[in-house]
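Participant: Here is what each chain is made of, one letter per residue.
Protein chains: 4
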Amino acid sequence: MRPFITGYRVTYADCDPFNVVYYANYLTLFERGRTELFRAMGIPYADIGKMGIYVPVSDARCLYKRSARYDDLLSIESAVQQLKRASITIAYAIYRYDPRELLAEGYTVHAFVNAEGKPRRIPQSIIDTIQAYDGATERAAQQVFSSGSHNTEQTA
Amino acid sequence: MRPFITGYRVTYADCDPFNVVYYANYLTLFERGRTELFRAMGIPYADIGKMGIYVPVSDARCLYKRSARYDDLLSIESAVQQLKRASITIAYAIYRYDPRELLAEGYTVHAFVNAEGKPRRIPQSIIDTIQAYDGATERAAQQVFSSGSHNTEQTA
Amino acid sequence: MRPFITGYRVTYADCDPFNVVYYANYLTLFERGRTELFRAMGIPYADIGKMGIYVPVSDARCLYKRSARYDDLLSIESAVQQLKRASITIAYAIYRYDPRELLAEGYTVHAFVNAEGKPRRIPQSIIDTIQAYDGATERAAQQVFSSGSHNTEQTA
Amino acid sequence: MRPFITGYRVTYADCDPFNVVYYANYLTLFERGRTELFRAMGIPYADIGKMGIYVPVSDARCLYKRSARYDDLLSIESAVQQLKRASITIAYAIYRYDPRELLAEGYTVHAFVNAEGKPRRIPQSIIDTIQAYDGATERAAQQVFSSGSHNTEQTA
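Respectively, the protein sequence lines represent chains P, Y, L and D.
Counted from 1, the first sequence has number 79 at position 79 by the numbering used here; the numbering is strictly sequential.
Position in the second sequence (first residue = 1) + 156 = the numbering used here.
Position in the third sequence (first residue = 1) + 312 = the numbering used here.
Position in the fourth sequence (first residue = 1) + 468 = the numbering used here.
Everything labelled a hint here was simulated from the structure, so no lab data went into it.
One or more of the hints may lead you astray.
[To be verified] Stretches of chain D that chain Y covers, calculated by requiring three or more beta carbons in the stretch to come under 8 Å of a beta carbon on chain Y:
no., stretch
1, 490–500
2, 508–518
[Claimed, not checked] A short, non-exhaustive set of chain L residues, derived as facing chain D with CB atoms under 8 Å:
no., residue
3, 324
4, 325
5, 327
6, 328
7, 329
8, 331
9, 334
10, 336
11, 382
Note that the coordinates shown come from a computational prediction; the quantities given were computed from them, not determined experimentally.
The beta carbon of each residue, even a glycine, is placed where N, CA and C say it ideally should be.
Could you build the full structure based on these sequences and the hints that come with them?
Facilitator: Following this line, the structure appears as structure tokens:
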């Protein structure tokens, strides 16, 4: 799947005394990317909740390469990495926008649970929507590449 | 009313690139102080919610005197400043513990509302509990002073 | 002065258990608005620091009218309210974008200090830049109004 | 190594709209535990910085088992898991205090770097201090067990 890109400007609130984004706040950036990815796929988080389904995080990891600094403009790149019966894995890469440089990458695993917190299968409608989005971005990518142009921006 | 004291250790997460507590986080310290004040008075926040009553903030202010720094141990001093028909004002002072130094002071005003968000009178049981706590701490204070000892720690 | 508008999307990270933006986080939104206002005026915060000048907050207040909720798109409107010899006051209003509704308003006062933390006059170059920005936006506003069009969006 | 225990009370500021601690904030709890572990070992973070040494996080992971809720009292258990030439791994487990229940566990890996950000060996004095602390807690543990008493509280 090709990643969805969300922009973000670093504030003082995000930084620690070393003038870099505090390490826990990368997970907040992951949330921001994930939310916009789901909105782009046509499954806003608010709608998932209305179906009586919740997607709590069961596992989160971040590998820190370089520091995001105060006032940096960031690209948060998010993509569905794996769909299982009752869980989904989202992968993230965070880049400084200019000059483009990989700062951090990681993933979050989300269980699908009902209102009582019991695991449940991912609804087929959600699987279909994710796969349709993936297909559409694949076709878009092929057109870009067959026309000979490059799009390094969107390649995670 | 004599203030209730809550201790707090400053983390990197609390600080900004100037190595001082980020200004918005003083309001988080106010919450911490307010929560422990209410627990001490015998009205834990969780119990207020169970009565179908909510106490959203309508006004918050903080005056910044000196900076709280990384790893500082702080005293958050909280006291009920004013009780009205349908609102309560809590005052706060934040001190560096050692050497004792005033860092910030402020207040929050809280409306009493029902589950629909409509203003409502403060229940008499809550007023009585707050006034009983105040009386008890006044009596404790008089005993301390009449015995000739000092308790500068608790004087806001 | 006409306010500068910054957009912001509310995340889970911003919200509290009542599904509304946690009250301290409005001050973080104020920072976001203030930063973009200064950038728009041509005085990015990074440049102020390079001049050996710091602008710590000495007073911050927020009045809460209605709740910003999860996933709301917000308009943060920021404007210079007052320039004194050694301090500046910025005013803020936060609106839900659609339907437009005032959620909160407030201000922050910033002292101008040198690297040792001593108060100092605001440099004339900064005063000139702020007044030039103000004049430019005033002229832009007059053109808008004299042409008979409306711009309610930008009127705080 | 036996874990060092740090207590923590959950605030509204820590929670998300599901009334549970927001997932990124577990990494903030890890920082709180790590700081107190280092202080207990006799190597406060402030002192490491004075040696011109920095210990940025290169990898962080958290596995979420159950939710920490508003007003829960937590035990943050932290221990050195691995010492390498130029990095250290700290492991964490977060428990609800009463009834005791494992909520989350994870680790952080920290590189040792100099002021220019170049990797460097861990100073022998720091290795010695960590190993001495470990030996002391091992001896304390043996005394506890040989005397027939239990200390389930401190077993991660």
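Participant: Given a cut of 8 Å on the nearest C-beta pair, is the interface hint for residue 328 of chain L held or broken against chain D?
Facilitator: holds (5 Å)
Participant: Quick check on residue 327 of chain L please, does its C-beta sit within 8 Å of some C-beta on chain D?
Facilitator: With Cβ-Cβ at 5 Å, under 8 Å, it holds.
Participant: Against chain D, run the beta carbon of residue 382 of chain L and see if the smallest gap drops under 8 Å.
Facilitator: Holds, about 6 Å.
Participant: Has the stretch 508–518 of chain D got at least three residues whose CB is nearer than 8 Å to a CB belonging to chain Y?
Facilitator: holds (count 3)
Participant: Quick one, is the residue 336 of chain L hint okay against chain D at 8 Å, beta carbons?
Facilitator: Since the shortest Cβ distance to chain D is 6 Å, the answer is holds.
Participant: Classify the hint on residue 331 of chain L as holds or violated, based on whether any CB of chain D lies nearer than 8 Å to its CB.
Facilitator: holds (4 Å)
Participant: Minimum Cβ distance from residue 334 of chain L to chain D below 8 Å?
Facilitator: holds (6 Å)
Participant: Closer than 8 Å between Cβ atoms is the bar; does residue 329 of chain L clear it against chain D? Give me holds or violated.
Facilitator: Interface hint status for residue 329 of chain L: holds (4 Å vs cutoff 8 Å).
Participant: Restraint: residue 324 of chain L near chain D, CB-CB cut 8 Å. Satisfied or not?
Facilitator: Given a least distance of 5 Å, the restraint on residue 324 of chain L holds.
Participant: Go through the hint on residue 325 of chain L and say holds or violated, using the shortest Cβ distance to chain D against 8 Å.
Facilitator: At 6 Å from the nearest chain D Cβ, residue 325 of chain L passes the 8 Å test, so the hint holds.
Participant: With a cut-off of 8 Å between beta carbons, are at least three residues of the stretch 490–500 of chain D near chain Y?
Facilitator: holds (count 3)
Violated hints for the displayed structure: none, as all numbered hints are satisfied.
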